[in-house]
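Those sequence lines, one after another, are chains A, B and C.
The numbering of the first sequence is this note's numbering, which starts it at 1 and goes up by one.
The numbering of the second sequence is this note's numbering, which starts it at 1 and goes up by one.
The numbering of the third sequence is this note's numbering, which starts it at 1 and goes up by one.
A portion of the hints provided could be inaccurate.
With a straight-line cut-off of 30 Å between C-alpha atoms, the simulated DSS-like cross-links for lysine-lysine are [to be verified]:
1. A/Lys65 to A/Lys207
2. C/Lys161 to A/Lys99
3. C/Lys161 to A/Lys126
4. C/Lys126 to B/Lys6
5. B/Lys275 to B/Lys101
6. A/Lys121 to C/Lys126
7. B/Lys4 to C/Lys24
8. A/Lys121 to A/Lys99
9. B/Lys275 to C/Lys24
10. A/Lys99 to A/Lys130
11. A/Lys155 to B/Lys6
12. B/Lys101 to C/Lys161
13. A/Lys77 to A/Lys99
14. A/Lys77 to A/Lys126
15. C/Lys24 to A/Lys77
16. A/Lys77 to A/Lys235
17. B/Lys4 to A/Lys93
18. A/Lys99 to B/Lys275
19. A/Lys155 to A/Lys129
20. A/Lys126 to A/Lys197
21. A/Lys129 to C/Lys24
22. A/Lys99 to A/Lys65
23. A/Lys63 to A/Lys99
24. B/Lys6 to C/Lys24
To be clear, the hints were calculated from the coordinates, so they are not data collected in a lab.
Small disclaimer: the values here were computed from a predicted structure and weren't measured.
Read off the chains here:
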Amino acid sequence: MTTTIHTEDLNVYFERNHALIDVTMDIQNNQVTAVIGPSGCGKSTFIRCINRMNDLIPGCVVKGKVLVDGEDVNDDKVDVVDVRRRIGMVFQKPNPFPKSIYENVAYAPRLHGVTEVVDGKVRRRKHTKKELDEIVERSLRRAALWEEVKDRLDKSGMSLSGGQQQRLCIARTLSIDPEIILFDEPCSALDPIATSKIEDLLVDLKKDYTVIIVTHSMQQAARISDRTAFFYLGKMIEMGDTKQIFERPQMELTEQYITGRMG
Amino acid sequence: MDRKLKEMLFFSAFRGCALLVVLSLVVLMWYIATGGLERLSWDFLTEMPRRANTEGGILPAIVGTFYLMLIVLAVSVPIGVMSAIYLVEYEQSSWMGRVFKLAVYNLAGVPSIVYGLLGLGIFVAFLGFGFSLMSAGLTLSIMTLPLMISAAREAIAAVPQSVREASLALGATKWQTIWHHVLPYALPGIFTGIILSVSRAAGETAPLMLTGVAMSLQRLPDGFFDSFMALPYHIFYMATQSSNLLATRPIQYATALVLLLLVLGMNLVAIVMRKRYRDRYKW
Amino acid sequence: MAYRLRWKGSNRRRVRRNVNLSPKERAIEIALTIATWSSVVALGAVFAELMLGAIPAFLTIDIIGFFTGTVWNPAHPTHPLYGILPLFVGTLMVSFGAAAIAIPIGLGCSIWLAELASPRIRSIFKPAIEILAGIPSVIFGFFALVILSEWISIVFDPVTKLNALNGAIMLAVMMIPIMVTVAEDAMNSVPSSLREASLALGATRWETLRHVVLPAALSGIVAAIVLAFGRAVGETMTVLMATGNAPQLTFDFLRSVQTMTAAIAIDFGEVVFGSEHYHVLFAVGLVLFVITFAINFLADWVVRRYKEDY
């Protein structure tokens, strides 16, 4: 296992509110890492540092290092657009574009085009229709949605059920083949059946991607993750193999949380 | 008094009020319609006025109003929509935003005649556009700007943040996000704002009186720096100052009907559009 | 953790900037900034121009006389008198008269629309009212001049056929759609859980309305009234055509009056460019501007100050 993400002394401030305090942690390649903790503990804030989504929040200041493959993505000189292309994100509430299913998935590939090397020169061009069709099919298959929607790709993404919408959002993220995918409580708006489909999918995705999931459900973290980090009041209290965290927590706070005496 | 009786009395009074409102507006439109239909004809719309407006049609007034709407469209729509985009998506300095909100919200309520003073001082005199279509059109453009901006602003701000996040998280740039997602979904709302603003400009009279509307012309305006006639002023002039007030009543009614149909028609389109748009996107 | 993003309306806070903007992105941002500043400048010009136009008047005429003079006779060849009082009183009479008629009727109508009308009727009535709010004022003025004044003559036998009452009634008809739209919105935004809570305690619908809905919607209702009043003060064409345009200081609703707006509109037809009279009219415009600006500010303040968030 190699380390993909390494954060060092990560601090986040929302105006006077110190939301994340000195977080230093490692996230491994091709694993599912779960981030758990009570509401307001900074777990969402943490993963939003990784693809710089916190930039959108007025008054938010992020200090410290977020090394992704050795490159500090929190550096001012880094192109955030490029960071977000490489690090995908799936949100709490399914948010498909009010466009067709096909367009939802084809949007990002179209945006970025194909970069290829011809005669030693790097060139960017548009996708052909056939290439796009392939990407859409591959992404939808990977998100386990293809069979359900292949006959109605031209229907609006909003017409799908909640769980399908969330899988569409996953397919949309997969369409540009990111290295890392961040999931911000992806199942909190879904029913149990849709949730279990997404969980299966997440476990399957770790073969090809590094997956980080924020969840308020300890059961979910225990079911799907390899490693778990516990956050409390803006600090990372403990991180370790999921089994160890749930069976033999080292810190008292962690134990209180997972045994339900705090939350 | 008995509680039930009290309720009945009050509620009847409210119903009466509503009835009165409907009645007053129906009466008003009924009079304009019946009075106007008497004189309204194809020739009335397409002919030049003759004999100091006492005969003939109102073509120059229709064309003048049309040109005014055109200037408003060309000036206040791009500036208004761009300002709205900036305010919602880019603006972040404290005082500019505050100054802007103050200006936009409060200037929407400034009387139109005051905008006329502005047009007279700046466009007619200072910039030397004279009493012309251009002076009047630019004055109306500034007058409609606050309306335009707040309508567009509302439409853009109504696009949920989650759509922007989805797009940005896929590696779209800010402008790509605005252009591909925010604007398309805000467009019907923006259009509604545009139509309402332009129809407001079309019916406005007072600013024209200070920026050079003509009482009678037997030709169409020759370019944007020529003098012009306009429908609303034509009504005012014919009803209060023309040479034979009573004899030209049918012309007055018919002109009023034309203006009423134009403005109400545009408002109807705008409101139907907004309704359908609201039904289409339920975020 | 649920995020409350403040993409818009987030004044005091800066958003982290992307330093890697492409030239196109940067150009767009600059273009948008320029457009925004041009609208700021254009709107600021309204005020600047009024000041510039009005200052010469304040230099040559007696300022106290301007605000306290009871005679408005600017066209007098040798001794023009610029007392704004007759115009000011004219404006107040017409707009307060209109408010006195429009407030009860408009409120009754908005209550009916928000609380009593069936959803189907409301879905027709509400857009219809909004469409009617767009009727050009010159059409109301025309109606007042030709029809309403005749009716008033029959009922009241006034001194002059075109009088303050005529203007007030017509303005009231104009104000009502604006009032109803805003006030109905305010009542509609009172959550039905509040109504249900009151009804479940055994209150009648009227008692619920009186003690629960109306207090909750009060700020919106007040704002509606103030906004409509501001519109009445600034209205030009209707009063110009309806009130007879005689700048006399009177409190009799059956006599002709002239409002500030009407004086500006009419006098500019014959004024010499750059003359004292010309600048005095700008001064009248400035007074009008200040009044309406203050009214709008008040409406805005009321909404902000007393707004209840549900």
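*Among the hints numbered above, which are violated by the structure, and what are their numbers in rising order?*
As far as the earlier hints go, 2, 3, 6, 7, 8, 9, 11, 12, 13, 17, 20, 22, 23 and 24 are violated by this structure, in ascending order.
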